[in-house]
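**Q** Residue numbers (the working numbering), protein chains in the order written: chain A, 111 to 246; chain B, 6 to 443.
Since the hints were derived computationally from the structure, they do not count as laboratory data. Beta carbons: idealized from backbone N, C-alpha and C, even for Gly. Don't take every hint at face value.
Covered stretches of chain A (chain B as the covering partner; in silico rule of three or more C-beta atoms under 8 Å from a C-beta of chain B) [claimed, not checked]:
hint, segment
1, 155-167
2, 170-179
3, 186-196
4, 200-211
No farther apart than 30 Å at their CA atoms in a straight line, the calculated lysine-lysine pairs in the DSS-like style are these [stated by the list, open to error]:
hint, chain 1, residue 1, chain 2, residue 2
5, A, K123, B, K363
6, B, K18, A, K155
7, A, K170, B, K304
8, A, K141, A, K170
9, B, K18, B, K304
10, B, K363, B, K304
11, A, K165, B, K304
Chain A is nowhere near these chain B residues, computed Cβ spacing over 12 Å in every case [claimed, not checked]:
hint, residue
12, D45
13, D152
14, Y252
15, P310
16, E314
17, S413
18, E421
Spelled out, the chains give:
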Amino acid sequence: MPKVIPDPNEITKPFWDAVNERRLVVQNCTKCDLLQYPPLQNCAKCGSPEGLEWKDVEGKGHITSYIVIEDGRLDRRMPDQPYNLAVVSLDADPGINFYSNLPGVDVDKVPVGAAVRVIFEECGPGQLIHEWELAE
Amino acid sequence: MASANEYSWRRDKDGLGVWEHRGKVAIAGYGHSPIDRRWDGVSMDETLGAYTVLACQKAMDDAGVTKEQVDGIVVCQTTIAGASGGAVSNWAPRPYFDAPYDSEWGLTRINAEWLVKQMGFPNIRFAPDNCPTISEMVGLASQAVGDDRCHTCLMIYPTGNLEGRYRRGGENAEDYASGERQWTVPWGNHGGNDFINIFPHNQYCTKYGGEHDDLFPFVTNQHRNGLMTPWGFNATHDIEQITREDYVSSRFIIRPLRLWDCDRPVNASAAYLFTTADRARDMKQPPVYVLNHSQHSFKPRSTQPTLDEIEEWTDKAAARMYEGAGLQAKDVDIFNPYDGYSTMTQFFLEAFQWHGVKRGDAFSFYAGDITVEGPHPFSSSGGNLGNGRTRSAMYTDSIEQLRGTAGSRQVNVRAETALAAFTTPPSGGWIMLGKYPS
Chain A
111 MPKVIPDPNE ITKPFWDAVN ERRLVVQNCT KCDLLQYPPL QNCAKCGSPE
161 GLEWKDVEGK GHITSYIVIE DGRLDRRMPD QPYNLAVVSL DADPGINFYS
211 NLPGVDVDKV PVGAAVRVIF EECGPGQLIH EWELAE
Chain B
6 MASANEYSWR RDKDGLGVWE HRGKVAIAGY GHSPIDRRWD GVSMDETLGA
56 YTVLACQKAM DDAGVTKEQV DGIVVCQTTI AGASGGAVSN WAPRPYFDAP
106 YDSEWGLTRI NAEWLVKQMG FPNIRFAPDN CPTISEMVGL ASQAVGDDRC
156 HTCLMIYPTG NLEGRYRRGG ENAEDYASGE RQWTVPWGNH GGNDFINIFP
206 HNQYCTKYGG EHDDLFPFVT NQHRNGLMTP WGFNATHDIE QITREDYVSS
256 RFIIRPLRLW DCDRPVNASA AYLFTTADRA RDMKQPPVYV LNHSQHSFKP
306 RSTQPTLDEI EEWTDKAAAR MYEGAGLQAK DVDIFNPYDG YSTMTQFFLE
356 AFQWHGVKRG DAFSFYAGDI TVEGPHPFSS SGGNLGNGRT RSAMYTDSIE
406 QLRGTAGSRQ VNVRAETALA AFTTPPSGGW IMLGKYPS
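Put together the whole structure using the sequences plus the hints.
**A** So, in C-alpha cells, the structure goes:
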C-alpha cells in the first residue's frame, strides 16, 4: 500500500516541489548558518523569516535508530504491518533527521549505523516522497 | 469566561527562583469516579458527566467543603482519546440524549459551564476556558489560588474514552497528511508519546547498555502498586499481577514497545480541591502543601527527538522544579513520574536523580528493591500502568503518602515531600508537594 500522501501548504510547497523534481532540499538560515527540517515559517534559532532560503543537500545519511510498526493506527498503512520505521541523520548535518521505511530491508533486520542514500518513490498521483535505501 | 491563555500563570522558564506562593497553597481534598474500560452508551449514571459530578462531590466531601465555598473551576475540556477524532472521541453522529446529555458536553467532554449548571455552584469567579491537561492544570489551580483569582478551586480531569482505545479513525483514517503530520505520518508515525520516546529509548539501551526487557521489574512493580490502589482499574477489575513470562511474551505494538509497556485506556474522572493554606488548615484533612509547580515546552531540532535532546530537556525540567521548590534531589521522599509508556520513565528518574540515580543507572535501579516496603519505593502510585490511563494516580498517591493514608502502599521511608507529574519529556509540568509548608 502506498504511503499516506503529504498535503503541502504555503510554507512546505517548495520542499515537495523539489521532491517531485527528485531533489532533496532543506531550509537554511543565512543569518544563523543553520539548516532546518522540517521547514518552518521562521528560523528556529533567530525567530526571523528573513534569512531563510532553500538549499539543495546531498542525499546521504546514516541510520541512527529504528522500530517496527506492528500495531499502528494509520488505516492506509495497516496492510504493510509489520514494517520498519527508521530514523536517518543527514550527513551534511547530523542534527537533521528524517523518517524512512528503508525499502528493501527485511523487517527488524535494520543495520543501525549503516550508510543510506535518498531515493524518491510515488505515494500518490503526481506526488513523490523522499525515502532512503542502503547505500551498498 | 476568561481564557487560561490570557493569564500568565505558567512557571516555564529557567531561573525563576523560589515560587512566591510556596507553602501558601494546599490540596485539601480529592475524589475519583469508578474507572471503566469504556462507557456502555446506555447507563446514564456512568457517563463522563455523571462520573465528573461524582468525583467533584467526593473531593468536596473529602475536604469538608460545600458548593457555596467553591469559587474556582479548572477543568480540562479536551478529550483524552486524542485529537484524531472519530467514534473514539465523539458521540456524534449518534443521536444525543435528553438534557444534560444533549451535546458532546457531559458525554465526551466537560467544561465549567456544563459542570456549574449540573452542580449549582453559586459563587464561581474563576473558570477559564482552554485549560491544558492535568500536568499543567495542577499548576494553573495552584497559581490561581496563590494569586487570589479564587480561593477554593476544583481542578477536574475527565478521561473520557468511548471505545477504550485511542487514535482510531478521524485523521488517522485519511489518505492525506497535512500540517506537522506531513513529516511523520507518511512513514508510519501517527504521533504520540510512544513515538517521541521509543527511538531515544533504543538509543539509551545502546549508549548505556541493557535491553528493552530490562524494563520488566519496573512494569511489574507498577502493576503491584496498582493492585494496592483501591480505586484503580486493576484493583477494581480483578486484574492479575503480570509475570515475566506474561511480559516477554506479550505482543509488540511498535517493537520493542510491548503491550504491557502501554497503559490501559479507561473512562473515568478525578477532581482535586486546591485552596489557601490558611483555609486548608481549618478543613477536614491535613493540608498537603504545594511547594512549587513548573512547566516546560521544548522543541526538537528536527523530525524525531533524540536521546541527547530528551536528556537536556528533562535536566532543565528538574532544575526548574528544584529551584522553585527550594529543594534538592536528596529532599524528595516520594517520586511519582509519568509512566504512560514505560520507555520514558527512566529519563525522568535520572534527570531528577531521585535516590542518587544518575544517567544510565535506571535499569540497574529497577532491578533492585523498588517496592513500597523497601528503601527505594519508586513510583508508589503504580502510575498509569498499574491503574489505567487516568493520569491522576501520581497525584493522588502523593497526597495519600503525605497524609499517611496510602494503606498497603504507605512507604516505610520518610514521606514529607512528593514530586508528581503527568508529562512527556518535551512538554508538560511537575508539582512538588509537602507535608509541611516549608
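**Q** The structure should be examined with respect to each hint, and the outcome stated for every one.
**A** Hint-by-hint comparison with the structure:
no. : hint             : verdict
1   : 155-167          : violated (count 0)
2   : 170-179          : holds (count 6)
3   : 186-196          : holds (count 6)
4   : 200-211          : holds (count 7)
5   : A:K123 to B:K363 : violated, 45 Å
6   : B:K18 to A:K155  : holds, 17 Å
7   : A:K170 to B:K304 : holds, 25 Å
8   : A:K141 to A:K170 : holds, 25 Å
9   : B:K18 to B:K304  : holds, 14 Å
10  : B:K363 to B:K304 : holds, 24 Å
11  : A:K165 to B:K304 : holds, 22 Å
12  : D45              : holds, 24 Å
13  : D152             : holds, 30 Å
14  : Y252             : holds, 16 Å
15  : P310             : violated, 9 Å
16  : E314             : violated, 10 Å
17  : S413             : holds, 34 Å
18  : E421             : holds, 41 Å
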